[in-house]
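**Student:** Model the full structure from these sequences, guided by the hints.
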Amino acid sequence: MERNFTLYRKLFTSTFYLSAFTFGGGYVIVPLMRKEFVEKLKWIDEKEMMDMVAIAQSSPGALAVNASVIIGYRCGGVLGALVTVFGTILPPLIILSVISYFYEAFVSIKWIQIMLFGMQAGVAAVICDVVWTMAKEVASQPQKIYIAVMLIAFFANVVLHLHLLIIIIGCGILGFLIERYAKRRPIQ
Amino acid sequence: MIYLQLLLSFLQIGLLSIGGGYAALPIIQSQVVDLHHWITMREFADILTISQMTPGPIAINGATFVGTKIAGLPGAIVASVGVVIPSFIIVLTLAFIYYKYRQLDTIQAVLKGLRPAVVALIASAGLSLAMSAFWPDGKMQLATISWESVGLFAVAFFILRKYKKSPIVVMFLCGVGAVLLSFFGIS
Chain A
1 MERNFTLYRK
11 LFTSTFYLSA
21 FTFGGGYVIV
31 PLMRKEFVEK
41 LKWIDEKEMM
51 DMVAIAQSSP
61 GALAVNASVI
71 IGYRCGGVLG
81 ALVTVFGTIL
91 PPLIILSVIS
101 YFYEAFVSIK
111 WIQIMLFGMQ
121 AGVAAVICDV
131 VWTMAKEVAS
141 QPQKIYIAVM
151 LIAFFANVVL
161 HLHLLIIIIG
171 CGILGFLIER
181 YAKRRPIQ
Chain B
1 MIYLQLLLSF
11 LQIGLLSIGG
21 GYAALPIIQS
31 QVVDLHHWIT
41 MREFADILTI
51 SQMTPGPIAI
61 NGATFVGTKI
71 AGLPGAIVAS
81 VGVVIPSFII
91 VLTLAFIYYK
101 YRQLDTIQAV
111 LKGLRPAVVA
121 LIASAGLSLA
131 MSAFWPDGKM
141 QLATISWESV
151 GLFAVAFFIL
161 RKYKKSPIVV
171 MFLCGVGAVL
181 LSFFGIS
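First to last, the sequence lines map onto chains A and B.
Going by this note's numbering, 118 is the number at position 118 of the first sequence; the sequence numbering is gapless.
Going by this note's numbering, 22 is the number at position 22 of the second sequence; the sequence numbering is gapless.
Keep in mind the hints are simulated off the structure, nothing from the lab.
It cannot be assumed that every hint is accurate.
[Stated by the list, open to error] BS3-like, lysine-lysine: derived pairs with alpha carbons at most 25 Å apart:
#1 B/Lys164 <-> A/Lys42
#2 A/Lys40 <-> B/Lys165
#3 A/Lys110 <-> B/Lys139
#4 A/Lys144 <-> A/Lys47
#5 B/Lys165 <-> A/Lys47
#6 A/Lys42 <-> A/Lys136
#7 A/Lys136 <-> B/Lys162
#8 A/Lys42 <-> B/Lys162
#9 A/Lys183 <-> A/Lys144
#10 B/Lys139 <-> A/Lys183
#11 B/Lys165 <-> A/Lys42
#12 B/Lys165 <-> A/Lys183
#13 B/Lys164 <-> A/Lys40
#14 A/Lys42 <-> B/Lys100
#15 A/Lys10 <-> B/Lys164
#16 B/Lys164 <-> A/Lys47
#17 A/Lys47 <-> B/Lys139
#18 A/Lys136 <-> B/Lys139
#19 A/Lys10 <-> B/Lys165
#20 A/Lys40 <-> A/Lys10
[To be verified] Take a look, some chain B residues computed to stay more than 10 Å from chain A by CB distance:
#21 Ile2
#22 Tyr3
#23 Leu4
#24 Leu25
#25 Val33
#26 Leu35
#27 Thr40
#28 Phe65
#29 Gln103
#30 Ala133
#31 Gln141
#32 Leu142
#33 Ser166
#34 Gly177
#35 Leu181
All residues carry an ideal CB built from backbone N, CA and C; glycine is no exception.
**Tutor:** This is the structure in C-alpha cells:
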C-alpha cells in the first residue's frame with residue numbers, strides 16, 4: 001500500500017461516508033467498516049477486524065471513533081489515524097450544529113419518525129448479518145472450544161449484565177489458558 | 001477561557017466513557033448539567049432524542065450541541081476535539097502495541113479469546129436493537145409486537161445474506177419501506 005495522497009483521500013472519504021450513516025449506535029460501524037475495508041478494499045482481513053474491534057471496545061470513548069483510529073493507523077500510520085478521526089467526527093459535527101438550530105421542527109416531522117422506526121429494523125438486520133459472518137469465522141477455527149467462549153461471553157453480557165471490560169479481560173485470560181493447555185496436550 | 005473549560009470538561013468525558021454509547025451519558029450529564037450548568041436537564045434529554053435520530057456517537061453529538069450553545073461553532077469544534085483526544089492517544093498506543101507484538105504466542109492466545117468475546121458483544125447489541133424495533137412500546141408480548149418491523153427485519157436480513165448488498169442501502173430501504181407501509185395504511 002503506497003502512502004500517498006490518494007490513500008489519505010480514500011481513508012477520509014471512506015470514514016466520512018461511513019460515519020454519516022452510523023444510525024443506531026456505535027456497533028453499526030463494525031458491519032459498515034467490515035464491508036468497506038475487508039470485503040471491498042481488502043486492506044484488512046477478517047481476524048484483524050475482530051482484533052480491531054476488541055481494541056476499540058477496550059479503550060475509552062466512542063466505538064466508531066476508536067475503530068477509525070485503528071483503521072487509519074493500520075493503513076496510513078499516525079497521519080492516517082488523524083485523517084480517519086476527522087473523517088469520522090465531521091459528519092456528526094456538521095449535522096448536529098445544523099439540527100440544533102431547528103430541533104423542534106425536526107423531531108415533529110411525522111414521516112421522519114416513521115422512517116427512523118423502520119431503519120431500526122434495518123440496523124438490527126445489519127448487525128445480525130455481521131454477527132453471522134463473524135460467528136462463522138469463530139466456529140471454523142480448529143478449536144471448537146471458542147464457540148463455548150462466545151456463548152459464555154454472550155450469556156455474561158445479556159443475562160448477567162457484567163461490565164464490558166470484565167468480559168473482555170475474562171475472555172483474554174480464557175484464551176491464554178486454553179492455548180497453554182492446548183500446547184501441553186495437542187487437541188486432535 | 002470558556003474554550004479552555006469546554007476542552008477540559010470534554011477531555012474528562014472522553015477519558016471516562018469506557019464502554020461507549022450510553023455508558024458516556026452519566027459522565028456527560030455530571031459535567032455539562034450538574035457541574036457547569038451549561039445546559040438544562042431538558043436540553044440534555046433533547047440531545048438524547050436527536051442522537052437517536054442522527055448518525056454519530058452520542059459523545060460527539062453532545063459535544064457539538066453543548067459547544068454550539070456555549071460558544072458557537074468554535075465551541076463545538078473545541079468540545080469535539082476534546083472528547084476524541086483521550087481516545088486518540090489511548091487507541092493509538094494500543095494499536096502500536098498490537099501491530100508490534102501480535103505475532104507473540106501470548107498475545108496470539110489472548111486475541112484468540114477476545115475474538116469470540118467481540119462477536120458476543122456485537123450479538124447482544126443486535127439483540128437489544130432487534131427487541132426495541134420489534135416492541136416499540138417496550139412491553140414484550142405477542143400482542144404488542146410490531147409485525148411490520150419483524151417483516152422489514154426478515155427481508156433486510158435475507159437481502160444482506162443472499163445478495164451481500166451494502167448495509168447503508170439496506171438500512172435506508174427499511175426506512176423507506178416503513179414510510180410506504182404507513183402511507184398505504186398497512187401499519
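**Student:** All the hints need checking, so say for each whether the structure fits it.
**Tutor:** So, going through the hints one by one against the coordinates:
no.	hint	verdict
1	B/Lys164 <-> A/Lys42	holds, 15 Å
2	A/Lys40 <-> B/Lys165	holds, 12 Å
3	A/Lys110 <-> B/Lys139	holds, 23 Å
4	A/Lys144 <-> A/Lys47	holds, 16 Å
5	B/Lys165 <-> A/Lys47	holds, 22 Å
6	A/Lys42 <-> A/Lys136	holds, 19 Å
7	A/Lys136 <-> B/Lys162	holds, 15 Å
8	A/Lys42 <-> B/Lys162	holds, 20 Å
9	A/Lys183 <-> A/Lys144	holds, 15 Å
10	B/Lys139 <-> A/Lys183	violated, 49 Å
11	B/Lys165 <-> A/Lys42	holds, 17 Å
12	B/Lys165 <-> A/Lys183	violated, 41 Å
13	B/Lys164 <-> A/Lys40	holds, 11 Å
14	A/Lys42 <-> B/Lys100	holds, 21 Å
15	A/Lys10 <-> B/Lys164	holds, 22 Å
16	B/Lys164 <-> A/Lys47	holds, 19 Å
17	A/Lys47 <-> B/Lys139	violated, 38 Å
18	A/Lys136 <-> B/Lys139	violated, 32 Å
19	A/Lys10 <-> B/Lys165	holds, 21 Å
20	A/Lys40 <-> A/Lys10	holds, 12 Å
21	Ile2	holds, 17 Å
22	Tyr3	holds, 16 Å
23	Leu4	holds, 20 Å
24	Leu25	holds, 12 Å
25	Val33	holds, 16 Å
26	Leu35	holds, 19 Å
27	Thr40	holds, 14 Å
28	Phe65	violated, 5 Å
29	Gln103	holds, 12 Å
30	Ala133	violated, 4 Å
31	Gln141	holds, 18 Å
32	Leu142	holds, 18 Å
33	Ser166	violated, 7 Å
34	Gly177	violated, 6 Å
35	Leu181	violated, 8 Å
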